[in-house]
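Engineer: If you want the building blocks of each chain, they are given just below.
There are 2 protein chains.
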Amino acid sequence: MSKPRINTMLELSVAIGVSRPTLSRFFQDPALVKPNTAKRIQEGLSRVEYVPNFFATRMNRKSTRLIGVIIPYLNDLFFTKLLESIEVAAMASGMTVITQCSHSDPVIEARAAETLMSMSVDGALVAPLGDQSDDAVQLRLRSRLPFVLMDSRPATMSNVDFVGTNHVQSTGLITEYLCRVGRPPVFLAMPRVNFNAREREAAYIARMTHLGHRPEVIGTELLSSDWHFEDHGEAVLSAEFGAGRLLDRSILCANDRVAIGAIRAAARHGLVPGRQAEGGLRIAGHDDYPLCPYLNPALTTVAQDTNAIGRKAVSRLLEIIGSDGLQDEPEITLFEGSLKLRESA
Amino acid sequence: MSKPRINTMLELSVAIGVSRPTLSRFFQDPALVKPNTAKRIQEGLSRVEYVPNFFATRMNRKSTRLIGVIIPYLNDLFFTKLLESIEVAAMASGMTVITQCSHSDPVIEARAAETLMSMSVDGALVAPLGDQSDDAVQLRLRSRLPFVLMDSRPATMSNVDFVGTNHVQSTGLITEYLCRVGRPPVFLAMPRVNFNAREREAAYIARMTHLGHRPEVIGTELLSSDWHFEDHGEAVLSAEFGAGRLLDRSILCANDRVAIGAIRAAARHGLVPGRQAEGGLRIAGHDDYPLCPYLNPALTTVAQDTNAIGRKAVSRLLEIIGSDGLQDEPEITLFEGSLKLRESA
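Protein chains in written order, with the UniProt record's numbering: chain H, 1 to 345; chain X, 1 to 345.
Hints may contain errors.
Copies of the same chain look alike in the list, so a pair counts if it fits in one copy or across any two.
[What the hints assert, rightly or not] Result set (SDA-like, lysine to any residue): computed pairs, CA atoms no more than 25 Å apart in a straight line:
id : residue 1 : residue 2
1  : K62       : M9
2  : K3        : R111
3  : K3        : G212
4  : K3        : T115
5  : K312      : T333
Please keep in mind that the hints were generated in silico from the structure rather than gathered at the bench.
Assemble the whole structure, with the sequences as input and the hints as a guide.
Structural biologist: Here it is, written out as structure tokens:
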């Protein structure tokens with residue numbers, strides 16, 4: 001026999017004989033009603049089919065227990081890993097995560113910000129689009145809500161809570177490794193629309209200069225329209241290899257997805273990047289994209305600690321939420337990268 | 001000068017001189033108030049800083065314009081592609097998507113279903129976990145909400161609205177292709193905890209039998225705990241190759257992520273699967289995972305039409321929502337797969 005279905009708190013109040021305000025307190029926190037009453041409500045709930053209405057139970061509460069997250073695009077395992085660590089950390093704190101994706105479009109990013117505000121999330125975690133991101137939108141979000149920026153940082157937002165990777169350290173680490181084991185690397189960059197890629201490029205140049213080597217950057221021109229990172233890496237290196245250039249160089253890619261395309265270009269030209277080959281082609285990346293170990297050859301890279309970034313972003317946001325707008329100075333947390341030595345360099 | 005900030009609809013009513021019920025109708029649909037009044041409200045809104053409260057404006061409405069989506073895990077580009085097509089289709093219909101991820105855990109899946117119900121989403125799209133998914137949870141969700149199942153289907157839910165791929169056709173297509181161009185394929189399956197993998201295995205066996213070949217299935221044993229699809233493919237084929245078996249066979253993998261591991265195992269044993277090699281090793285997959293074109297060798301596979309699946313799931317759900325519970329028989333939509341011939345087979 002199926003249980004009677006209850007749709008509103010008023011019906012529930014009648015069905016189990018407890019006043020509506022008492023029920024409301026119970027759904028806010030069972031500890032707010034007497035133990036006997038709580039027991040009676042729990043027994044009553046087990047006899048009926050009822051789901052408390054999220055909107056009704058939270059409208060008059062100060063907190064919705066919702067965290068809003070905006071990520072720039074979905075089809076990238078770096079962001080899904082980051083989102084996973086955010087969701088796990090939020091769940092552990094009893095928060096529910098509402099994620100909106102910008103789908104690489106600043107108009108959708110702005111709409112996502114409005115959606116989060118209109119849903120009265122307790123706070124927002126945002127990984128912005130690159131240069132296309134509208135800083136005004138982020139600043140408006142931040143002026144209304146506890147707000148932590150993640151992953152990449154526009155110059156205009158240097159004074160905002162931020163959690164990400166220390167690209168000076170991470171890119172420096174792999175640049176130094178490549179210099180130590182072979183010819184100093186060329187940097188396969190990206191068209192300059194992405195803060196992180198630019199930060200890594202600058203870090204590469206600084207470290208090379210510091211080590212007394214001449215930096216060489218390629219790939220800042222857009223070779224294919226409607227590009228994905230992989231296509232970009234493949235197009236740039238195919239052009240170089242096709243012209244007989246860089247065949248025995250070390251190539252450091254701005255990220256692993258660019259490196260996936262670079263390895264593909266090498267294969268098409270009959271080249272196998274690797275650390276065995278004395279003086280031969282080497283390819284390395286940045287991020288530790290989940291597929292790196294399965295590539296042929298497996299990709300040598302420097303890992304971002306996405307788990308730590310996600311956990312810290314959530315804990316910092318909860319701190320700001322808990323401080324009722326009285327937080328101190330913005331906190332900038334940069335995690336270090338770690339080398340993942342595999343076959344490609 | 002910054003605009004005065006308005007927090008409630010009552011404050012807004014005072015600030016712009018329009019009654020609260022009129023404002024409420026306006027936020028439901030601007031066409032519900034007189035054109036002059038709408039204009040006055042719009043002008044008023046441009047003078048103040050106000051975000052309508054999602055909970056307040058929708059609590060008494062029949063529709064929240066929210067679609068709830070549950071996916072089994074995040075770190076899989078098949079599901080992110082599906083989610084992307086759902087979000088794009090939903091946006092085009094003025095709906096907002098709330099996605100919850102099960103993180104491979106039936107307890108989290110059940111909680112996600114409760115969250116969607118408590119948020120009064122207008123309807124739910126669910127891609128269930130494999131055999132671990134609790135059918136009772138899905139059926140409860142379906143009894144309370146417009147509901148469409150996606151991607152994979154438990155036997156107990158054959159009578160539910162469903163959108164997915166026709167695995168008999170898709171797996172048959174690639175089985176037949178492999179038989180035509182080389183030795184009839186072995187099927188690299190998965191531990192039998194996943195409906196789709198089982199459907200594909202059955203479709204492979206049926207097509208092979210129909211073509212007069214003896215089906216051979218490997219990989220139904222779990223070789224590594226805490227497995228990912230790639231690890232599974234690599235472990236199974238490494239064991240086979242290590243024992244000198246299957247070195248010159250055609251191998252059809254249950255999905256592309258298994259095939260990524262299979263290609264990796266081949267590389268470790270100095271084997272290059274390809275269609276050039278007369279009688280040599282061939283490896284093929286299923287899905288058209290976004291990275292297939294960048295593998296070495298690029299993976300031959302049969303594509304699922306994730307765009308069509310996402311779009312159809314949304315349109316069918318909106319149909320059910322629009323029918324006010326008066327929908328006819330459940331509708332089962334299966335899209336056909338299409339061959340993607342690349343290098344590996």
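Engineer: To test your reading of the hints: which numbers does this structure violate?
Structural biologist: 3
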